[in-house]
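Visitor: Listed here are the chains, written in short residue letters.
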Amino acid sequence: MKEHKMIDEYIEAVWVLRERGDADLQSLKDYFGDDYDQKFVDEMLDEGLITISPENGTFSCTETGRMKGRKLIRAHRLAERLLYDVLKIEDYELAACEFEHIIDTDLIDSICILLGHPRKSPDGLPIPEGACCRAERKTIQSPSISVLELRPEESGRVIAVNAENDHQLHLLDVLQIRPGSVIRVHQVAPSIVIECDGSNIAIDEKIASCIYVWKLNDSESQDTILRRQRHERPPGKRRGGRGRWRRSLGLREADDAQQCPRQDRGFRRFKESKGIDED
Amino acid sequence: MAKHVTCTRKVMISGLANSGKTQIFNNLTGDYGVVANYPMTTIELAEGSFIFRNVRWITIDTPGLNSLSANSAEELLFRRSLVIEKPDVILQCIDANRLKQSLRLTAELLELGLPMVLSLNAIDETARKGIDIDVDRLSRIVGVPVVQTIASEGVGMYDLREALMNAQLPRVPFTYSGEVERIVSDMEAHLPADVPYRRKAAVLILMDDPQLLGIEFGEDSTAFTLTSEQILTIHKKREALLSSYKGQIQTGITKQLARWTDDIYERIVTVHDTRREYDLAGRMAYYSRHPVYGLLFLGVFLGVAYLGVVELAGRLSGIMETVITDPTVELLSHYLRSPFWRDFLIGDFGILTLGLLNAICTVLPILSVFFFLFGLLEDIGYLPNLSVLLRRSFTKIGLSGRAVMPIVLGFGCKTMATLTTRSLRSRKERLISIYLIAFAIPCSAQLALNIAILGKAGVIPFLISLVFLVLVEILAGKILNLIIKDDGSTFFIQELPPFRFPVLKAVLKKTGYRLWWFLKEAIPVFVIAAAVIFTLDYIGVLDLLKQLLKPIVVSWMGLPIEMVEALILLIAREEAAAGLILRLSNMGMLNAVQSIIAVVVTTMFVPCFANIVAMFKEAGVKVGILMLIGINVSTILLAGMLNWALLAVQRIF
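Protein chains in written order, with our numbering: chain C, 15 to 293; chain S, 1169 to 1821.
Simulated from the structure, these hints should not be mistaken for laboratory data.
These numbers come from a predicted model, not from an experiment.
Every residue, glycine too, gets a C-beta built ideally from N, C-alpha and C.
Capping the alpha-carbon separation at 30 Å, the derived lysine-lysine pairs in DSS-like fashion look like this:
{"#": "1", "chain 1": "S", "residue 1": "1414", "chain 2": "C", "residue 2": "43"}
{"#": "2", "chain 1": "S", "residue 1": "1646", "chain 2": "C", "residue 2": "220"}
{"#": "3", "chain 1": "C", "residue 1": "134", "chain 2": "S", "residue 2": "1405"}
{"#": "4", "chain 1": "S", "residue 1": "1405", "chain 2": "S", "residue 2": "1254"}
{"#": "5", "chain 1": "C", "residue 1": "229", "chain 2": "S", "residue 2": "1297"}
{"#": "6", "chain 1": "S", "residue 1": "1404", "chain 2": "S", "residue 2": "1414"}
{"#": "7", "chain 1": "C", "residue 1": "220", "chain 2": "S", "residue 2": "1653"}
{"#": "8", "chain 1": "S", "residue 1": "1564", "chain 2": "C", "residue 2": "220"}
{"#": "9", "chain 1": "C", "residue 1": "85", "chain 2": "C", "residue 2": "134"}
{"#": "10", "chain 1": "C", "residue 1": "43", "chain 2": "S", "residue 2": "1405"}
Per label pair, the in silico range of CB-to-CB distance:
{"#": "11", "chain 1": "S", "residue 1": "1668", "chain 2": "C", "residue 2": "121", "range": "47 to 53 Å"}
{"#": "12", "chain 1": "C", "residue 1": "70", "chain 2": "S", "residue 2": "1404", "range": "21 to 27 Å"}
{"#": "13", "chain 1": "C", "residue 1": "74", "chain 2": "S", "residue 2": "1650", "range": "42 to 48 Å"}
{"#": "14", "chain 1": "C", "residue 1": "145", "chain 2": "S", "residue 2": "1650", "range": "38 to 44 Å"}
{"#": "15", "chain 1": "C", "residue 1": "50", "chain 2": "S", "residue 2": "1791", "range": "58 to 64 Å"}
{"#": "16", "chain 1": "C", "residue 1": "70", "chain 2": "S", "residue 2": "1349", "range": "31 to 37 Å"}
Please work from the sequences and hints to get the whole structure.
Guide: Listed below in C-alpha cells is the structure:
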C-alpha cells in the first residue's frame, strides 16, 4: 500500500513539473531531493505511464499516465479547496496529500459539485476539469449554486469564484467577493444587484454565473453573520494550527463548539450532503 | 493673525471611491472641490494646503482606488503621483460601511512604508445599523493613529490635524508569512537602490504588474530610471523566484491579504442590534433601480426639472430682465449718442445685451434652478443606480455596463465624462463612449437651457426632441458597434453608493460654487464672443457667412438665418449659443418646429472647446478629428431630415 502511494506521488510530480514546463529527470530529482528513488521512475516506465526521450531526458505522458495524473491532481487540489475554504484549515497541504489516495472518482465529483466546480486550487494552480464540470452538473441535493440562481432577498456564502481571468478575479476580490463572504441578492433585473461587505454592487449575468454560493436560509444568514461578527477571538490567539484542524473535524471541547460556529457548520454541511449521520 | 511657518510637509489623501476624500480635503484646506455621492467625482489630483502648529501641510486629493494594482487609470495616477510627489504621510479615508474593502486597501498602503493616519468616516451610519467598531483596538492592531470623523459635518478635523502631526511609521511593519514573505523580501533585496517604495514595488512586480509604481519600465521620469540591464535582471530574478514557489504567487499574496483583513475585522467589529430597522434610503435606492418604478423616478425628475426651469426660472429671468436689462438698455440708449457705441454695447450683438446681460439675466436663473436640482440628485447618489437600469440597452450598442457611468456623467459635464472614459479597458468601448458623450448628450447647463427653449413651445416639442436625441444616440451606437473592431470580452461590475438624504446646505454650497465658476469662466467668453460677432458683422464677414450657410441653415434645416450667429457662438461655449437662441425665441422668431431643430442642432453640433480638447486627449488627435467630422456631418443630415419629417407631419394634421 505504501509503495502504491509513493508511485502516485511520482505521477503527481511529473504532472506538476510538466505544468511548470521543466519536465526532465533532473527536475524530478530536485523535486524529491534526498527522497528520490529511481525505482519509482522505472516502475512508471514499466507500467507505461510515461516515456523518456533518449536525447534530452524530458518526460512525456502516455494517455494512461495523463489520465491517472489528471485524476490524482484533481483529487489533491479539490481536497485542498475543501480543507481551506470549508474547514478553514491553514496547513491544508499535508491533509490533502492523504486525501487524494482514498477518494474515488464519484466522491471527487461530489466534492467538486459541492464546491461549485472551482477552477483553481488555493495556491492558484489549475484544477483539471472533471466530467461534472463540463456538464455543470448539479444533483438535487447539490448545495452549490451560482448567484444567477438566487432570487431577490436570498443570501449565500461564496464558495468559489470561477472568474474568466485574473483581472476579474482581482476586481471581485477587492470588493470582498471571495470564498467565505456572505452576499445577499437585492434584485435580479434589469441587472443583478448584490450586497457584500456593506456595499451594493451591480453585476451582469456573466459575472453572476461564475460566483458559486451555498444558499443560506434567511434566519441562518442573519444568524451566521451576526454570530460571526459578535464572536470575539481572545486577543493574541492566532487562527489555524493543529487545534483548529482538530476542532473542525469535530474533535473539540464543548465550549469551543460555541465559539467557532463557522468552520464546523461547513463540515456539518459536507457531512449532511454525503449522508453521514451526525450524533 | 500671521502664521509663522517653520516647515512644510506633504499629505496624500487616499481611499476607496466615494469614501469622502474630497470632503476631508475641503474641510482641511478650506478649498472647494466638487463632492458628490458617487464614485469618480474626482478624476485628477487636486492640491491645497493648510497651516497647523507652524507647519504648512500641502494636501493632495486623489481619485478613488480599490487597490494599488494597475486595474484602472485612477490607480495608475495615484501610483505615479506617489513617486513624483513623494508624500510624507498617507491619510486613508475609511468608509465604515465598507470596512473590509477599506482594510484591504490599508494593508496595501502599509506596504509603502510611509507614516499613515486612518480617518474612520461615516461611523454615524454604522452606529445606526447597530454595528460597533472598536477604534482603539483597530489603532493598536494596525499600529497607526485612527481618527473618527463625520466628514460631511466637519466633525473630527482637529483630531485629524493633530494625528497628522504625530504620524509615525507603524510599530510593526506589515509583512506576509511563510514562503510568500521569503519571496517578497528576496525580490525586494534584488531591486536597484533608487527604486522608491521598494517593498511595494517588489510585491507589484511579483503580482505581474505591467508597470512599476505607475512608471513604465525604462521610462524616463524625474524619480528614477531603470536601464535595460537592470530590467532584465529584475525579470530573471522574478522568474527564478516564481518557479521556486509551489503555487501562483498572486493567489498567495491575495490570500494573505484577505486573511489579514478578516482577522482584523473580526476583532474590531461587534453587532448589537439584530433587528434590521426599516431602511428607507435603501428602499428608495431599490425603487430607483426597479425596471418600472425606476423609469417613473427618472420621469418624475425630468418633470420636476422641466417645471422648475420653465416656470420658476422663467419667472425669475423675467423679473431680472424688467429690473436689470430693460432699465440699463433704456438708460444707455438715452445717453449714448454715437450709433457705433450704441450698437457695440446694446445692439443686436452688443457686448452687454448679447454678452453680460444675457449671461446674467437669461442664463443664470435657469442654471441656478437646474444646478440645484442636479446637485440634489448627485448627493442622493442616484446616478450610478441609473446604470443598473440602462445596462441591458447598452449591451445592444456594443457597450458593457461599465460604460454607463461615463455616459451618465455626461449629463453633468461632458468634458469630465470624456476624461472618465479612461477607466474603460476596452478601446472599442472607450471610443464609442467618447463619441456618444460628445454627440447627442446635453450637459447640465445645456439641458437646462434646452428645456427653457423648448418650454416656450410646449411639452410636445420637448418630448419630440428627447425621443429624437435618444434615437440618434442608439443609431450612432449601433453604427459604431459595427464599424469598430471588437477587442475581447467585456463585463460589468459597478459599485453603487448608498442613498443618502441630501444636506440642503451642502447642495446650496455646491450650486453656489458651480454658478460662481460659470460666471467666472463664461462671462468673459460671452463678452468676447459677442465682440467677435459684432466685429464680423461690422466688417461684413457675417453677411458673407450667412450667404454661404444659407442653403444649409435656412433651406435644409428650416431655421431663421440668425441661427448662423448661434452656430458661431456654439464653438465658444454652448451656453452662449443657447442664450442667443433663447433670445430669438423670446422675440418670437422661432416656431415650434424651429425650436426643436435649434435645440437638436446645438446639442449634437461640435461640442464645446474643452470637450474637444478632452476628446483629443483620450482618443488621440487623428481619431478625435474623425469623430468631429462624423458628428458635424451627421448633425446636419439628421437635423435636416427631422425638419422635413416634422414639416410633413405638421402638414397632415
